[in-house]
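Protein chains in written order, with the numbering used here: chain A, 1 to 131; chain B, 1 to 131; chain C, 1 to 131; chain D, 1 to 131; chain E, 1 to 131; chain F, 1 to 131.
Worth flagging that the hints you see were computed from the coordinates, not collected in a lab.
Predicted model, so just to flag it, every value in this text is computed and none were measured.
Every residue, glycine too, gets a C-beta built ideally from N, C-alpha and C.
Hints may contain errors.
[What the hints assert, rightly or not] Using 30 angstroms as the maximum straight-line C-alpha spacing, the simulated DSS-like pairs for lysine-lysine come out as follows:
id, chain 1, residue 1, chain 2, residue 2
1, E, Lys14, B, Lys54
2, D, Lys14, C, Lys94
3, B, Lys54, B, Lys14
[Claimed, not checked] Listed next, with one range per pair, are the computed distances between beta-carbon atoms:
id, chain 1, residue 1, chain 2, residue 2, range
4, D, Ala10, A, Arg27, 41 to 47 angstroms
5, D, Asp22, B, Lys54, 31 to 37 angstroms
6, E, Gly58, A, Asp63, 39 to 45 angstroms
7, A, Ser8, E, Asp21, 47 to 53 angstroms
8, E, Glu51, A, Asp63, 32 to 38 angstroms
9, D, Phe31, C, Asp63, 41 to 47 angstroms
10, D, Asp63, A, Phe31, 49 to 55 angstroms
[Claimed, not checked] Stretch-level coverage of chain E by chain F, calculated; a stretch enters the list once three of its residues show a Cβ under 8 angstroms from a Cβ in chain F:
id, stretch
11, 10–24
12, 27–38
13, 65–76
14, 120–129
6 protein chains.
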Amino acid sequence: MATVSLISDADASKEVVEVFDDIRAMRGSDFINNFWRALAHDPTLLRATWERLKLVMGDGALDPLTKEMIYIAVSVANACEYCTHSHTAAARAKGMSNEMHGELLAVIGMAGQTNALATALQVPVDEAFQA
Amino acid sequence: MATVSLISDADASKEVVEVFDDIRAMRGSDFINNFWRALAHDPTLLRATWERLKLVMGDGALDPLTKEMIYIAVSVANACEYCTHSHTAAARAKGMSNEMHGELLAVIGMAGQTNALATALQVPVDEAFQA
Amino acid sequence: MATVSLISDADASKEVVEVFDDIRAMRGSDFINNFWRALAHDPTLLRATWERLKLVMGDGALDPLTKEMIYIAVSVANACEYCTHSHTAAARAKGMSNEMHGELLAVIGMAGQTNALATALQVPVDEAFQA
Amino acid sequence: MATVSLISDADASKEVVEVFDDIRAMRGSDFINNFWRALAHDPTLLRATWERLKLVMGDGALDPLTKEMIYIAVSVANACEYCTHSHTAAARAKGMSNEMHGELLAVIGMAGQTNALATALQVPVDEAFQA
Amino acid sequence: MATVSLISDADASKEVVEVFDDIRAMRGSDFINNFWRALAHDPTLLRATWERLKLVMGDGALDPLTKEMIYIAVSVANACEYCTHSHTAAARAKGMSNEMHGELLAVIGMAGQTNALATALQVPVDEAFQA
Amino acid sequence: MATVSLISDADASKEVVEVFDDIRAMRGSDFINNFWRALAHDPTLLRATWERLKLVMGDGALDPLTKEMIYIAVSVANACEYCTHSHTAAARAKGMSNEMHGELLAVIGMAGQTNALATALQVPVDEAFQA
Numbered sequence: 001m002a003t004v005s006l007i008s009d010a011d012a013s014k015e016v017v018e019v020f021d022d023i024r025a026m027r028g029s030d031f032i033n034n035f036w037r038a039l040a041h042d043p044t045l046l047r048a049t050w051e052r053l054k055l056v057m058g059d060g061a062l063d064p065l066t067k068e069m070i071y072i073a074v075s076v077a078n079a080c081e082y083c084t085h086s087h088t089a090a091a092r093a094k095g096m097s098n099e100m101h102g103e104l105l106a107v108i109g110m111a112g113q114t115n116a117l118a119t120a121l122q123v124p125v126d127e128a129f130q131a
Numbered sequence: 001m002a003t004v005s006l007i008s009d010a011d012a013s014k015e016v017v018e019v020f021d022d023i024r025a026m027r028g029s030d031f032i033n034n035f036w037r038a039l040a041h042d043p044t045l046l047r048a049t050w051e052r053l054k055l056v057m058g059d060g061a062l063d064p065l066t067k068e069m070i071y072i073a074v075s076v077a078n079a080c081e082y083c084t085h086s087h088t089a090a091a092r093a094k095g096m097s098n099e100m101h102g103e104l105l106a107v108i109g110m111a112g113q114t115n116a117l118a119t120a121l122q123v124p125v126d127e128a129f130q131a
Numbered sequence: 001m002a003t004v005s006l007i008s009d010a011d012a013s014k015e016v017v018e019v020f021d022d023i024r025a026m027r028g029s030d031f032i033n034n035f036w037r038a039l040a041h042d043p044t045l046l047r048a049t050w051e052r053l054k055l056v057m058g059d060g061a062l063d064p065l066t067k068e069m070i071y072i073a074v075s076v077a078n079a080c081e082y083c084t085h086s087h088t089a090a091a092r093a094k095g096m097s098n099e100m101h102g103e104l105l106a107v108i109g110m111a112g113q114t115n116a117l118a119t120a121l122q123v124p125v126d127e128a129f130q131a
Numbered sequence: 001m002a003t004v005s006l007i008s009d010a011d012a013s014k015e016v017v018e019v020f021d022d023i024r025a026m027r028g029s030d031f032i033n034n035f036w037r038a039l040a041h042d043p044t045l046l047r048a049t050w051e052r053l054k055l056v057m058g059d060g061a062l063d064p065l066t067k068e069m070i071y072i073a074v075s076v077a078n079a080c081e082y083c084t085h086s087h088t089a090a091a092r093a094k095g096m097s098n099e100m101h102g103e104l105l106a107v108i109g110m111a112g113q114t115n116a117l118a119t120a121l122q123v124p125v126d127e128a129f130q131a
Numbered sequence: 001m002a003t004v005s006l007i008s009d010a011d012a013s014k015e016v017v018e019v020f021d022d023i024r025a026m027r028g029s030d031f032i033n034n035f036w037r038a039l040a041h042d043p044t045l046l047r048a049t050w051e052r053l054k055l056v057m058g059d060g061a062l063d064p065l066t067k068e069m070i071y072i073a074v075s076v077a078n079a080c081e082y083c084t085h086s087h088t089a090a091a092r093a094k095g096m097s098n099e100m101h102g103e104l105l106a107v108i109g110m111a112g113q114t115n116a117l118a119t120a121l122q123v124p125v126d127e128a129f130q131a
Numbered sequence: 001m002a003t004v005s006l007i008s009d010a011d012a013s014k015e016v017v018e019v020f021d022d023i024r025a026m027r028g029s030d031f032i033n034n035f036w037r038a039l040a041h042d043p044t045l046l047r048a049t050w051e052r053l054k055l056v057m058g059d060g061a062l063d064p065l066t067k068e069m070i071y072i073a074v075s076v077a078n079a080c081e082y083c084t085h086s087h088t089a090a091a092r093a094k095g096m097s098n099e100m101h102g103e104l105l106a107v108i109g110m111a112g113q114t115n116a117l118a119t120a121l122q123v124p125v126d127e128a129f130q131a
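Please build the complete structure, drawing on both the sequences and the hints.
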């Protein structure tokens, strides 16, 4: 259960329908996942989040699959159950192989470990790392 | 300051020297950063961490630069100051351009935002995302 | 499922009943939510937590609704599923409108984003911000 | 030190200057804090972040001071040193009294405590809290 | 549901069976919990994680029960639902009494509270604490 | 720098002096660390925090040193710089040896790693772990 109801297509306002239509067009699929249906209670927040996501996750100096794996890494560290699921599914859809997933997990686990060690030791930042 | 002293080359035990030598050989540089000098109080932990890091961060289905950017993403979400610095420096050394860094930041920021929204809304995971 | 059983009214010790009675009196409702029923395994911890919560969440320089929204913000950032639900319900009961909820979400999301950016950039604190 | 250099007014591109000018105009002050100077390496990210922040933090169903206190709460839970400083300074500038600050701290501390307890106990969400 | 399927004994590769057999032997039980069945998609990661866990959690300067309680503390702070459950069960199996569990919760809750306060106040580290 | 000034003995109100005196008596030392000096801006919060800490951290089913190590574990996972330092110093004062510190670090690091893996895999909780 969510802290709000999920907005169905039937209940969607004109402003929400416009965003849903754009999501569908961009993805070439009729499926609108629950995140957008929950966010649709605030059409302004829905639109702002979607418009920004489109820009950020598109192709650029980093390819979309790399971006999805970075997104998974943040979502895991933030313990976001929904985002871990949705972005793992998105990464698979964009071509993440089992081998890539295994290495992604290994890096995330390694970072979780050394982050904890560096914080526990309060290691001072080396001058060599200064920008 | 750290919660332990930093082990200098002069103070390093034989077991620590072996690990330091391997770090130097792998990196083709004499520089040993503070993380390893702090960890060196426990030679077993030092060795286990270094041996694992070597394996995990090497080339594979994901390239080393992609792995460094994933490492940065986790380190930022875990608010690890040292790791954010050290892995940003490592990513640059492996070829991360300003454009890549900017996009990495944008994805990390976007994930921080939607992680918070999905958690605040407690969005139920869509069946379509099930493995 | 919890990591402990939930203490029913029938199973509650005299000390637990006293706290439950006080919760009921304060809230003008018979309902005791699961948090207190789980915590009741340790009557001392139950009482200390409840007594402190009463004091902290009461009216003062900040009104109770503002305090509930701050509580939600922390709970979301800590990825606490239970607390996000319970304090969202509490905030609604204290008058949080849909508009207020939407703006609360927008601020929480924005903070999640800029927290990540500031940490990724390791921005040094401006002197102007010093107390 | 930051992971990037801080862009001075002299080094700012035309696009960055436009954003800096807008920040100055909005705040009625010449001061540009380090967050924006670090972010200015990516003018697109700088502009998107600033434009969104302006919208989100303005007056609405919640007043700007309440929003700053919510921002502090998230920043603390995310252990963001910079953001804790900058938004505490902003909240004071918008009228946060010592009494309000004390109560804000008490709520943040209380939430930190019960978040931990609820997660440790894995308390199941009550049906009464369902939206 | 997991982001991967759970590997049953029937589907396990020879390499996975070896690790499962070692887990069973070490624990004197036929039961393999879901964590290992999910991790088994990457036999190398499975083996590395299990081998390390065996070493770290064994008897030493700290006894295995103390280590389990420390593990619970980290898992709670990281909001890891699975780990909170599995290590609470493990601590009980190693002799954690109700009184010990209550005190563990009290310490975890107290730390959650003062961590938040110290971060909100950005308290400078005392020289007396320097290593 | 802190987000508030640190209250010196000379500036302490009568209520604050009483708490400081109790801290000194309990510890058998004149030293008041910065956490309490920052918290002293709100004498009620200062007293409530100190009184609770005294109770929670005293001897019981768990000994004070074990409690300090659990406190460190939470503080590290919450990335609290101040608390990591202060509780590492406190654990040393209560007898934590280098070997114990090394094993504490190893457990904290291991938990950081498997927390990340379990969250990334979204492993469902085994029925066997149910209370």
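- Message: Taking 31 to 37 angstroms as the stated bounds, is the beta-carbon spacing between Asp22/D and Lys54/B within them?
- Response: violated (48 angstroms)
- Query: Holds or violated: the stretch 65–76 of chain E covered by chain F, criterion of 3 or more residues with Cβ-Cβ distance under 8 angstroms?
  - Reply: Contact hint for the stretch 65–76 of chain E vs chain F: holds, 9 residues under 8 angstroms.
- Item | Arg27/A and Ala10/D - C-beta distance against the hinted 41 to 47 angstroms | holds (45 angstroms)
- Straight-line Cα separation of Lys54/B and Lys14/B no greater than 30 angstroms? With a Cα-Cα distance of about 20 angstroms, the restraint between Lys54/B and Lys14/B holds, given a limit of 30 angstroms.
- Could you see if the CB distance from Ser8/A to Asp21/E stays within 47 to 53 angstroms? holds (50 angstroms)
- Given the range 39 to 45 angstroms, decide if the beta-carbon distance of Gly58/E to Asp63/A lies inside it. holds (43 angstroms)
- Item | 8 angstroms C-beta criterion, at least three residues: is the stretch 120–129 of chain E covered by chain F | holds (count 9)
- Message: Is 49 to 55 angstroms respected by the C-beta to C-beta distance linking Asp63/D and Phe31/A?
- Response: violated (39 angstroms)
- Message: For the stretch 27–38 of chain E, count the residues whose Cβ lies under 8 angstroms from any Cβ of chain F; is that count three or more?
- Response: With 5 residues in contact (Cβ-Cβ under 8 angstroms with chain F), the coverage given for the stretch 27–38 of chain E holds.
- With 41 to 47 angstroms as the target window, see if Phe31/D and Asp63/C comply at their CB atoms. violated (32 angstroms)
- Does the alpha-carbon distance linking Lys14/D and Lys94/C stay inside the 30 angstroms limit? violated (48 angstroms)
- Can the restraint linking Lys14/E and Lys54/B be considered satisfied, given a maximum Cα separation of 30 angstroms? holds (26 angstroms)
Of the numbered hints given earlier, the model fails hints 2, 5, 9, 10, 11; all others are met.
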